[in-house]
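Per this note's numbering, the very first residue in the sequence shown carries number 57; after that it's consecutive.
Everything hinted at is true.
Derived pair list, reagent style BS3-like, types lysine-lysine, alpha-carbon separation capped at 30 Å: (1) Lys-238 - Lys-67; (2) Lys-67 - Lys-183; (3) Lys-326 - Lys-269.
If you are wondering where the hints come from, they were derived from the structure by calculation, not from laboratory data.
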Amino acid sequence: MKLIADAGSTKTDWRLINSEGIVIGTFESGGLNPVVFDDDTLKMNLARSGELFDFVDSISEVHLYGAGTDEPTAQARLQQILSNVFDRAKICINDDLLAAARATAGKEPGLVVILGTGSNSGYYDGKRIKKTIGHLGYVLMDDASGNWFGKQLIRDYYFEKMPQLLRRKFKSKLNIDENYLKTHIYQSDQPNAFLASYSLFMHENYDERYIKKLLLRGFTEFMENEMYAYRQHKETLPVHFSGSIAFFYQKELREAVKKTGWKLGKIIRKPLDYLINYHVL
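Between the sequences and the hints, there should be enough to build the whole structure, so can you do that?
Next comes the structure, spelled out in structure tokens:
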């Protein structure tokens with residue numbers, strides 16, 4: 057049997073499949089980001105997977121995709137911890153961008169984009185990610201992500217570019233105190249997640265013209281700026297998207313892709329269930 061995992065910092069989702077690709081077990085454990093957690097915490101979080109351990113002797117392959125796994129030392133630590141538990145299995149660890157690529161493009165070449173709390177992109181040749189632009193975090197990059205949209209909402213509130221009715225809603229729903237914002241953005245461990253929490257306001261007020269315009273602007277700028285690095289593939293390869301921002305706001309995303317002349321591929325929310333097909337076919 058094969059075990060496939062989508063690992064983040066908060067939690068890890070697991071799917072156990074048989075040789076026919078049928079899911080025979082769904083499990084959840086703690087986060088397994090090796091950059092965030094030390095070995096003892098990783099072991100403790102893995103132990104929270106409960107009944108998964110009943111199948112250890114029957115598992116021949118473990119395919120884990122997750123955040124923090126593109127750093128070699130951190131990946132090696134996680135590899136050792138998984139090998140100690142799944143001692144009869146082949147362990148394969150890859151990052152979340154490859155997960156998105158395999159889930160959307162399968163074994164065909166394409167361009168892949170993650171639009172979630174953060175954002176990322178890459179050129180996928182049908183086997184591996186062959187090119188990315190690098191990732192410089194929420195200050196310099198992460199365009200069209202949850203944290204980017206959260207930042208724009210806060211800026212538009214303070215610059216009074218947000219319509220007055222929405223400004224009142226924004227203030228009543230969210231803490232926009234200046235000191236509160238500065239503390240969480242400049243002194244907390246996860247400022248990107250903090251900013252992304254403000255983007256939920258878009259979902260609650262999606263029908264507002266201001267929100268739709270903001271979404272279209274964000275997606276259009278992403279396609280014009282970040283995707284410029286892959287311009288040699290613009291006429292030949294589709295662009296696939298994964299992540300909650302891409303999935304829930306796909307109307308505006310589709311419009312931005314069409315407006316900027318790119319070829320639209322698939323749009324999915326989470327790659328895990330789509331990865332089952334990749335690892336069976």
